[in-house]
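*Asks:* The residues making up each chain are set out below.
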Amino acid sequence: MKNFLRSNIAKHETVLLAVVITEWFYFNSVGAHFGSLDNTFDIVRHSVEIGLLALVMTPIILTGGIDLSVGSLLGLCAILFGKLWRDAHFSPMAAGICTLGIGAVAGGLNATLITWLRLPPLIVTLGTYSLFRGLAEAITHGVDTFTKFPDSFLFLGQERFLGMPAQAPIFILVAIFVWLLVHRTTFGRSFRVIGFSPEGARYAGIPVERRIAMVYVLAGIISALAAIIYTARLGQAKADAGTGYELYAITAVVLGGTSIFGGIGTVHGTLLGVAAIAILSNGLVHARQPREVAGMLTGLLLILALCSSVVPKLFARLRARRQTAAPIQAVKTS
Amino acid sequence: NKSSDAGAPSSGSSKGKKVTIALMPKSKGNAYFISCKNGADKAAKELGVDLVFDGPTDPDPAKQNEIIDNWITLGVDGIAAACENKEGISTALRKAKAKGIKVITYDADALPDAREFFVNQATPQGIGFTLMDEAGRLCNDQGEFAIITASLTAANMIEWQKYIEQRRAEKYPNMKMVALRPCDDLKDKAQSEATSLMSANPNLKLIMAICSPAVPGAAEAVKQAGKVGQVKVIGLGLPSENRRYVKEGVTDSVILWKTEDLGYLTIRAAKAVVDGDLKPGATSFNAGPLGTIEIKGDNILLGKPFIFNKDNIDQFNF
Amino acid sequence: MKYFREISVALALLALLIALAIVAPAFYQPQPLLSLATREAPTLIVACGMALVIICRQIDISVASQFAICSVCAGLLASMKLPLVIVLPASICIGAILGSINGVLIAGLGLPSIVVTLATMVTWREALRWQRQGEFVNLPDNVQWFGLSQSAGQWTVIAIAITLLLVLAVCMNRMAAGRFVYAVGSDAEAARLAGIPPQRVTFLTFAFMGALVGLAAMMNVVQSPQVDPKSGTGIELKTIAAVVVGGVAISGGRGNLWGAFAGILLLACISPALTHLHIESYWEKAIQGMIILLAVVADGIRTKRGSA
Amino acid sequence: MSAPLLQLNSITKSFDAVRALKGVSFSLNAGEVHALLGENGAGKSTLIKVITGAHQSNTGTIEINGKTVEKLTPASAHKLGVAAIYQQPALFPDLSAAENIALGLEPPSALRGIDWSQRRAQARELLKRVGADIDPGTEVRELSMPQQQLVEIARSLGKGARILIMDEPTASLTQKEVELLFGVIRQLRKDGVGIIYISHRLEEIFAVADRVTVLRDGESVGTHPVSEIDKAKLIRLMVGREVAAIYPPSQSVPGAVVLALSKIGCAQSQVHDVSFEVRAGEVFGLAGLVGAGRTELARILFGITPADSGTIQLNGKTITIQSPQSAIDDGIGYVPEDRRRHGVILEMSVAANTTMSIHRRIFPGTWLRSGAERELAQKYIRDLAIKTFSDESHVNTLSGGNQQKVALARWLASGPKVLILDEPTQGVDVGAKSEIHKLIRNLAAQGLAVIMISSDLPEILGMSDRIGIMRAGTITSILDGKTADAGTVMAAALGQTRPATAL
Ligand SMILES: Nc1ncnc2c1ncn2[C@@H]1O[C@H](COP(=O)(O)OP(=O)(O)OP(=O)(O)O)[C@@H](O)[C@H]1O
Ligand SMILES: Nc1ncnc2c1ncn2[C@@H]1O[C@H](COP(=O)(O)OP(=O)(O)OP(=O)(O)O)[C@@H](O)[C@H]1O
Ligand SMILES: [Mg+2]
Ligand SMILES: [Mg+2]
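Residue numbers (the working numbering), protein chains in the order written: chain A, 1 to 334; chain B, 1001 to 1318; chain C, 2001 to 2308; chain D, 3001 to 3503.
It is possible that some hints are incorrect.
[Unchecked claim] In silico contact screen, one side only, chain C against chain B (beta carbon under 7 Å); selected entries:
#: 1; residue: Q2029
#: 2; residue: A2127
#: 3; residue: Q2131
#: 4; residue: G2134
#: 5; residue: F2136
#: 6; residue: S2149
#: 7; residue: S2151
#: 8; residue: R2192
#: 9; residue: S2224
#: 10; residue: D2228
#: 11; residue: K2230
#: 12; residue: P2272
#: 13; residue: R2302
#: 14; residue: T2303
[Claimed, not checked] With a Cα cut of at most 35 Å, we get these calculated DSBU-like pairs of lysine-lysine:
#: 15; chain 1: B; residue 1: K1097; chain 2: B; residue 2: K1304
#: 16; chain 1: D; residue 1: K3482; chain 2: A; residue 2: K313
#: 17; chain 1: A; residue 1: K83; chain 2: B; residue 2: K1162
#: 18; chain 1: A; residue 1: K148; chain 2: B; residue 2: K1310
Quick caveat, the hints were computed from the structure, so don't treat them as lab data.
Everything numeric in this text was worked out from a predicted model, so none of it was measured.
Even for Gly, the Cβ is constructed at its ideal location relative to N, Cα and C.
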């Protein structure tokens, strides 16, 4: 019984884990340097921002929502961070904290529109997707670029700490936080309830609006965090930062087995999804394949992952059909 | 040309073995860089270099960084990069340098300390001044003009605009820039933008398109509006994409360098740097069929921007 | 008010047009307006399809990739000197095939459309880039404007788009097939029990969407002598925004093509309006976002007031 | 006698591990009303879904009009003259009532034009036949549950079917509409239509049915002419045991006033000037016609549509109920009418559903503790005799009645002072029903104030200490449960001064 449950719940994640491991061994056999520690750290370093966005996208999709604005918000936060530091002469630390606050406010805008006016998240965040990017361009006139950050700040994105890329510990902390939130607290439980049936959640006395607001504000804060790390990694902040990241994040989350309809999904699945995409994109360089192939394979992998969830159902349907074809036999066995 | 995309890796970078040089465009799927790559392929073949050509599918500094990092672990011998963004990529290039990989840049430069040489097809100043001079010449230093750019955030275009404006203020004070519109690197959008620019600014004399898809887009718009001759089109673009309009007289001149030569020279220079034949301080460099190339400081100069017009455009097939 | 959304979008459009008439009367010149309409005709065709898809409670974000593939294929066929009577159906067929692939995955396997079309969007886009490396396709001379004169060609393109809109709008309201789309979008299980095959309807909607994209791509190809392999970039967001601003509910079953039409007109006018009003272009995205938000917020406040 | 209209032979049907039907045979003749009876989860709905092609049977044959049919689908069943009203209304919420009716009636060919005025006329006529006062142009999402049920009935009538299936059509109807429906059924029977009729209300079986088949655990335990069987025998067949007196007597003496409403109103839900008191240990019944506003009143008390006028007092203190959370904090529980949409989360486990409203209490510090949760769930599975594979099973694998028990368990777990039950036994079988009734009595005996909304008149009369009667959004009169009879309640509900005789 317990076994049955465990194997059932773990199914998608196990398959995905196998995919990740296969990818790893394949690329390791093709590219001489693929498996090196340096390369592993590179993979981590370059997937932290998308990983962070994917992490916060998970509870959002669990509630049946979606946030298309995270990439644009990353851009907006990056340039506001730069502006605070350069023009308002904040220390990177103070600027960072303010940026997190700005992220929360921006997430709050999404949350307000979605909960207060009961508007569909897809549309609200489609609007803020344009709005945030537009604001970033309007503030910088598209031109202004923030650079020459102090080394102490760049450390966060470019150096090592505790033997790993300096941003990795932050990512791990956020991952643990989100995992606990989703899997071990009543908040996570209520996200799922809302994902399955927002009306039902209201009738159960779950503060639906507050919970939904919470995930979008969280997404805003973490997008701001990703913006800071992005700025530190590149050493520059510009209005085009994070373009298209929302789609990468959503891809990773869905690849990780989270149902786009809400309710079903895990944070470790998302992490595996991020890993699968990051390793593929990195490994193909080692296999000397052009970049377009990485994109194509990601798309195909996503379709395959989706299909894997329906294959058992298809088999069951086939079996049922075979049973109807041989009714007498079936009656005997039953 | 696909073979070099996915060529067999050459392990080790010791002398005598085949040298691997990685060439990065700002973005793939851009005719300009494809043309550079054709030149690079030619040089690679002549020199026996193993060429890796890869870059982000859309211009994205973060992705460029990632690919450079990949190349570092891959253990290439030399990297030649066209940088979407100065600061963004320099960290990664410095890291490559520290690992003993020879780094040069082409098309768009990184910070000077992040590379050995910059293969300079034309300075931003050269481009900006040439464009503005051409505009001033066509309009007799008189009237309004508008610029269509790729995106508001593209670093090199921002740079060019600066010099265009500087030149205008200095030499063509009677001309007025009335609008700057982005076209997202799309020909169709450039066409729409040019159409509304013309109707919004009835006195518009000239459209300056500073990204390559925008030139044919603007030309088509002018043609459809029936304002050929009345509104002139100039821009930065490939001859192949503009031949039709230049010959029809819609587009007056297209400014560019010989992109194949740029790719060719880049690989030649990279190989020379890797082999230790080209060292900082050199003042000239022998680029085989291209002859002797002047080096100014750490800039390897391809030459002046080239102006393609009705008379010469048929001689070029890129 | 049943048509609140459609009317409010129409009013917003009217307000914009009046503002332009006062501040920038130059906007109203026949030739540029004709050009604008021609340029937006393909978008309108795609928006019609998008409206159908969204009414069917699905979404298709792969249209831009489909659009590019159809454009390039049509361009290549035309440059092989095939006549337009072959190229046009071919483009529509290619679109229909691409749409059918989405349809099979979504209707046949029951996968969520937003993810399926996200995956096909990436796959097709990258495949096309890989194959074409961004190279323009040069067309023979007789392709532009169908070989007609420019103004005849422009009117043809507009006429095709408007006819399509009219026919589809009537079909959606007056033909059983159209009502089936509403029924499936409203409740697929109820449709199944009523004898309407939801899977077939969904599949056909996507295939039809693909065919429309093929048609739209062709309407775009004939407007210039070269095909940009990046044609159509961003068209998915533009059409989704237009359709939703025009009052088609993202949750399916509600809305109509007139709203989508009004939405497209509104969004299509923003960019030229900014140029005419001499507003700096770096405000464009922000203003677009504001308009989308304002449209849905106005509606949200109204329904909230109505229910509170 | 000629071949039966419909003949099922040894039908089996499994859902993964659940074997819902285990070789059921069944026949239906022309001009007969054949009732299908059974406890919750016996397989009634599954059987009729097999007949309508909504489910494919695993084995067994189906003969319609004497011909064996293979691969029945909803469309082909429709062509063969099968029409059905499903237990859960299968309507299109975004479409108008007229179109909902038309889509069920018109041929499913996609390439034909639509005549809207004909559609509206047809809908108006059909709705009149079932006595529904609904504008055909109204969107179905705006209709209340019972109104939707009426639309569904109207639709099935319009099909002119030879075989008409009704799965609990009266579950949310009031007596008056039930009577109208029975009139229609009798007329159809006269016209030679075969009707399969499912209901948990035994009186109805005796009122309309000719034959009755009882299902138990997916097997048929016998078919009998109604004239040869009595209530006690039927119940014995269904549950396999004797069931005690249906309505347990009231044991408690009402105590202090717990909840007192004065002039409560809410413009949005069209409820106004509602005043009444409920005492500890009392069952306060709320009766009324469809759309009288009982559910709306419950939603006000539970904070879903907060009141905008009047005062609410709980244990003497004036409170404002702004949201379900505040209602729960004040000790008010609400078991909603639409259990699949509101009462339970179908995709979640029995355990998670049980603890859903008491997260803060059972999971202090927000940390999930599965031990405590499962313990609580096990307790309610035992106490309410919920038929489930385990406390980890998803609620959608349970039958309707068992789902209702899970919904009830959630609110019992919250330990409320006031419990509002909206149609608590709707679609619940007799066995479970009497258990629920006993439970309500026990709760009252423990000092709980119970407000019970029901359209089941005997239930209202049998269970209530006092009966509030709602009409047009307000309480028009309050009767004493011991002295009230069906006539006076109906008369009050209809707004008549003299007792109605229809009952
Ligand atoms: N879609 C389904 N998936 C899995 N199990 C199901 C499904 N539908 C029904 N069942 C199971 O089949 C059995 C019969 O259910 P059914 O709905 O036919 O009962 P019923 O007699 O109609 O009960 P009720 O009176 O409560 O409506 C139940 O055990 C139920 O849990
Ligand atoms: N979602 C809704 N939108 C608009 N009006 C509604 C809605 N639900 C119910 N109503 C209307 O509110 C009034 C009260 O309905 P309500 O469901 O409260 O009746 P009720 O007395 O609870 O009936 P029953 O308990 O028999 O279902 C009716 O006129 C109904 O049409
Ligand atoms: Mg049932
Ligand atoms: Mg009710």
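*Asks:* Each hint: holds or not?
*Replies:* Hints and how they fare:
no., hint, verdict
1, Q2029, "5 Å, holds"
2, A2127, "11 Å, violated"
3, Q2131, "10 Å, violated"
4, G2134, "4 Å, holds"
5, F2136, "5 Å, holds"
6, S2149, "11 Å, violated"
7, S2151, "10 Å, violated"
8, R2192, "41 Å, violated"
9, S2224, "5 Å, holds"
10, D2228, "4 Å, holds"
11, K2230, "6 Å, holds"
12, P2272, "4 Å, holds"
13, R2302, "33 Å, violated"
14, T2303, "35 Å, violated"
15, B:K1097 - B:K1304, "29 Å, holds"
16, D:K3482 - A:K313, "56 Å, violated"
17, A:K83 - B:K1162, "21 Å, holds"
18, A:K148 - B:K1310, "46 Å, violated"
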